[in-house]
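Here the structure of chain A is known, so what remains is to put chain B in place on it, guided by the hints.
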Amino acid sequence: MDKPLLDRKLLSIEESAVTFNNWSKNVRSPSTEVEVVEIIRSAYEKGQHVSLVSGGTKLGYGGVKSEYDLTLSLKDLKGIVEHTVGDMTVTVKPGTTMKELQDYLQNHNQMVALDPSWPEQATIGGIVASNDSGPKRLKYGSARDHVIGMRVVYPDGKVIRTGGKVVKNVAGYDMNKLLVGSMGTLGIITEITLKLRPVPKSENLIRLSVREEALDELKGYTKQIQDSMLEPVSLELVTPSLSQRLFHDEGYSLLIAFEDVEKSVDFQTNWVEQHKPAGVNYTTISNVKEFWNAFSEIHPNSLTDSKATQALLKVGTKNLDVFSILSECARIHHEGKVTIEAHGGAGHGLSTVFLEGDDAAIVNTINHLQHYAHTLKGYGVVKHLPFSLRQSVNVWGDEPSYFKIFEGIKHKHDPKNTLNEKRYIGGI
Amino acid sequence: MLFKKKKKDIEDEHLKNLAKIVGQKSILHHKEDLLSYDCDGFTIHKSLPKAVIFPKNTEEVVAAVTYCSTHNIPFLARGAGTGLSGGAIPLHEEVVISLVKMKNLLSVDYENRQAVVQPGYVNLKLTNSISAKGYYYAPDPSSQYVCTIGGNVAENAGGAHCLKYGVTTNHILGLELVLPNGEIVEISENGVPDMPGYDLLGILTGSEGTLGIVTKITVRILKNPEGKKTVLAYFDRVEDGSHAVSDIISAGIVPAALEMMDHTAIEGVEAGAFPVGHPKGIEALLLIEVDGIIEGIDEQIDQILSVCRNHNVRDVKVARDEEERGRWWANRKTGFGAMGAISPDYLVQDGVIPRSTLPKVLNNIKEISNEYNLRIANIFHAGDGNLHPLILFDSRIEGETEKALKAGTACLKACADVGGSITGEHGVGIEKKEEMRFIFTDDELEAQIAIREVFNPNDLLNKGKLFPTPSRCMDIKKVIKETAAAQ
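Residue numbers (the working numbering), protein chains in the order written: chain A, 1 to 428; chain B, 1 to 487.
By construction, these hints were calculated from the structure, which means they are not laboratory data. We put the CB at the ideal spot given by N, CA and C, even for glycine. One thing to keep in mind: the hints can contain errors.
Calculated Cβ distances over 10 angstroms to all of chain A for the following chain B residues [claimed, not checked]:
1. I10
2. K103
3. V108
4. R113
5. Y145
6. I282
7. E324
8. G326
9. S343
10. E367
11. E400
12. A410
13. Q448
Straight-line C-alpha distance at most 30 angstroms; calculated DSBU-like pairs for lysine-lysine [stated by the list, open to error]:
14. B:K101 / B:K8
15. A:K412 / B:K433
16. A:K263 / B:K101
17. B:K164 / A:K99
18. A:K139 / A:K263
Chain B with its partners taken away, still in its complex shape:
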């Protein structure tokens, strides 16, 4: 364009200095550029960062973090921004440290079954890079084609196949971390198990970016299972589907995945980009996958089929080939987004319940749906009791967003009340901070905050996430202490 408006130079002294660290081309500071960073996959709350920087290596992260920490500037790390709980949303005009330029696969050691990646490396790319040799990376969140492994570590991401293979924390062997004061910490750089001392890998994974910024990750890679078979089963009653889930597990089968969708969810996925032609009027479908040694799969599939038949299945079938299996999984994995086809807006929740309480909790969710007069679709990892109620609403209608949020909270309360948890894989972020009180006492929250203080004593890194605010007793005590000291 001929008359392209020249953007203003940086005026803020701090941003000038940060630009020197990462380079002029690796900083965004104009309001229009910052708009894309005002939220992540949790779009209900938005607020602008002070700037976004794109370091290219650990040294630049260290320099930027040291600068921010020295000058008391709040900051946070961001990957692909697919997080669903608002963990990467700047609440205090943070400098956002985007790690998307640190996106390399650094090494693969097939013999020792490990790979080293930078945090901005996309989850699915790892599997794609090693699949030629028959290996893969197990955690497979639905957003795996775009989400980064750094973000997966922050959130302890799960996925459909974690029933058998575990979540991110079970696959992290080593981490390089930049502490909020700029120090580099290298934990088990060689991927050696059980390094002496407290399990920092365990506490860092899932800490939602509040303890440090991960700059290098050693992950476990697995050999592809020899065979896989996938079953699709349709039920006329949700209870029948739930009981089939229980019976499959009690039969001593450990499926690789055991997924369920209810009536409304099926309507959504069939209106979405990857319909598979599920029959009309189905109340629940199960997607069940068994993998492992080919010789052993058929008898497990037969058992699954007979369990489904014992529970009044309307129709049950085994995927004929990889193509059909792929279509079923695309239909399931794009399930959240497909809700856009039947509702202007939707809110995803992420409760976890003991599997045996499934029918009861699904009933409670139905009651919540009626009470708030909002449709709720259920897509979930039935095998491990991880529910994703999708609350459908229209933000253009005044008050409906608030109503949807309240319905979401009610769903989490229903999960907490049966001894469950408020989040199985999406994290607390800013979305579920208050709901932490459903499952933890003040003392228990304080015990966790005490850990944050070890790593992030000044709370400059990703402030205001994870824990309920305001009025934590600890905060009050701190204020009293500070006030007393000032007097």
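Okay, chain A solo, but in the shape it has when bound:
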């Protein structure tokens, strides 16, 4: 089987919706919150079902409902609302792409410390709603750690503010947390206020690599790094198949990033080189920013074009179980039924698995990996899969024993299942 390569040509949302659904032909694209309120209130009163979209990169993420009455696109609800440089907070509308936001903040030497995939296409609204994060999560955390406030339109048209504009706040329940990762099933986010960080003064990226059989040696060194005084921003393990595509190297790679003042970055870089075991190869990556940009686009999204069936799986485990997940991925890859490229954060426990192959093999592999993660007390969530196949797998994995709390929360927010019905866990 050919190794998966992404076609860089992106489809329009309308084209990709044919395969991925979560879409209605009846699309409304409001550019103000007032319009959002009018549209959703009217839909609510009529008992309609509405799907939400913004950048359109996540149409393949959950959702088993075949038809919606209306699609509400937030792509035109965009722009910076407020940025108080000295407070290091920014308020932004959901349709703003991650790249637009970061480019703007870069002028002020600040950043949102999130590195999700496809920053040029993915919008902050979608990133927050799906709680997407990248390799640098190890140091900076995920969207739930950065969002400090929101404006949310409930299905009945009420506008609710959650949190506030200050970086520390325990007034009332932390409603932000419910919205982050809720896949648009609770409300429509119309404004997001985020905590910012200064752009690091210096950064570096090291690649350690070992032959496939020597993974344990890399694991041992990862533990040693974690137990040292080093403060890596990422400890991202990469399977041999993905190393091959990225580095033309057939072993496992470990991507270690440092971001700090220059002296600290240099010290840590040297430390890694000096302490590495003999069997581990050490290289530095020269253009770090360019590399991370490219890395954010290594997996498909619903706008990328592909003849073959592709899937993405997000696997959550304990930190070091990332080694088990990735070596299981490598084993399956060698069986040859599907192509698998995977990477995972050995300091945060989240792996991303990219599958390409025929439909039956993909479904089987997803089931297998979900089961395997389960034996490690983890889980697997399908982040990207064509609509036709989402019916054949359990996208969100098994429901937890406390599922009725989720149902209760959904019901309180959205009693008529107006928003993104059947998009989320257990058919919520």
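Using the frame of chain A, we list chain B on its own:
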């Protein structure tokens, strides 16, 4: 004593049954024993519980909660009772479920950087237990030597170092919870991130004991930073201190801590148990800490020193050693209690403001102090805009307690008016219920109450906390509905 009066046996049927669950030695029911439980760190309001029970494990918590819930007996959970907003004060003759006997460290997994503790485990004990291997638990509220991690979860406790490392919610990986109906819920028992489904860890942390009783907590542990350096800077004008704070942050430095004290606060800490000999007549001091890789610290410290000098600092110095650093921090961390040395009573407030509004709000607080004729000391986490105005008063003088409460409310209003919040780490409890209206509309309060109804539908658990009463429109609607149903 020879003639020790034998205490009366339990007469109340419910208490007899609860005693069977936790054991006779694990229940308090005599009035004199209950007095210590009539308030927490918020001492202005007091009322007695029906009884206090001390379960030893989750099963006993489940049995007691199930019993209370079946028999419609209000109940609440309590840790060390250090909360500053009255979250553990029984308002409805609750059965207080004290978790102090569930105080074990259950496991530590260094490789995966997590530890599992029972709710009654004391915050600082965790760091002490793992420090030999170079690890620590980041949230460090000032009361950390006595407060429990269960209480920290309930309040989403912060601390001086949360500027860089975040508050409790950023460090909770898993929770075992007993719902008000007695069901056990285990969320991310292995500490795995992003468990599919709504972020219950996020909504539970900081819910002030109104959604469930936490019986087991998985927390993230961190490796000690390689180095730390601490700077102490004295200013003759508060404005200079405030501007120095802004400039340190704009220089792209992320200090581990950035604390400020004003003139009155300095007077207090110098009269307290840990004076460090701050010079006289100082209007503001900053305590600034930078940590991380040793190689990178010095240049950041140099930058901080030059920022302070650019803002007319009177004197600025770097702690010579760990001993000196420790003394500076003891002086700061015992700051609230030290107010007892200069005032018979004090009330701590906990507003948060956007950092850039600091000079304006400090001025407003000065005006409030003048208006109410009460001294107000300011000790605060300047880096994240979390103010702690300490209102000094004398409860023996008639009407002064009420005056202090009003001044506190005025301080919170000043914070809310610049787009801030009424609490950054102490919680709403009963203290700031009405002030919730400063920052939330009725609809927004209802949206939160709706969440409480999912977990705690009969409102038996920690009733009357967090949300303003009476006359919430939702309550009224409910009463109307109930009355209609009864007719």
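A quick look at each hint next to the structure:
1. Distance check for I10 of chain B against chain A: the nearest CB is about 35 angstroms away, which clears 10 angstroms, and the non-interface claim stands.
2. At roughly 24 angstroms from the closest C-beta of chain A, the C-beta of K103 of chain B stays outside 10 angstroms, upholding its exclusion from the interface.
3. A cut-off of 10 angstroms between C-beta atoms confirms that V108 of chain B is not in contact with chain A; the least separation is 13 angstroms.
4. The non-interface label for R113 of chain B is inconsistent with chain A: the shortest C-beta to C-beta separation is roughly 7 angstroms, within 10 angstroms.
5. At roughly 21 angstroms, the least C-beta separation between Y145 of chain B and chain A is larger than 10 angstroms, which holds for a residue marked as non-interface.
6. Annotated as non-interface, I282 of chain B keeps its C-beta farther than 10 angstroms from every C-beta of chain A; the closest such distance is 24 angstroms.
7. Chain A leaves E324 of chain B outside its interface by the beta-carbon criterion, the shortest separation being 22 angstroms against a cut-off of 10 angstroms.
8. Here G326 of chain B stays apart from chain A, with its beta-carbon at least about 21 angstroms from theirs, past the 10 angstroms limit.
9. Taking the minimum C-beta to C-beta distance to chain A, about 26 angstroms, the non-interface status of S343 of chain B holds against the 10 angstroms cut.
10. With a minimum CB-CB distance of about 21 angstroms to chain A, E367 of chain B clears the 10 angstroms threshold, and the non-interface call stands.
11. Look at E400 of chain B: its CB is around 27 angstroms from the nearest CB on chain A, clear of 10 angstroms, so calling it non-interface holds up.
12. The beta carbon of A410 of chain B is kept farther than 10 angstroms from every beta carbon of chain A, the shortest such distance being approximately 17 angstroms.
13. Distance check on Q448 of chain B: its Cβ comes as close as 5 angstroms (rounded) to a Cβ of chain A, failing to clear the 10 angstroms threshold; non-interface status is violated.
14. At roughly 24 angstroms between alpha-carbon atoms, K101 of chain B and K8 of chain B fall within 30 angstroms of each other, so this suggested pair holds.
15. Among the hinted pairs, K412 of chain A with K433 of chain B is consistent with the structure: their alpha-carbon atoms are about 23 angstroms apart, no more than 30 angstroms.
16. Only pairs whose Cα atoms come within 30 angstroms are accepted, and K263 of chain A paired with K101 of chain B is rejected, the gap being roughly 48 angstroms.
17. With a C-alpha separation of about 25 angstroms, the suggested pairing of K164 of chain B with K99 of chain A holds against the 30 angstroms cut-off.
18. For the given pair, K139 of chain A sits about 18 angstroms from K263 of chain A by alpha-carbon distance, which is consistent with the 30 angstroms threshold.
The structure shown violates the earlier hints numbered 4, 13, 16.
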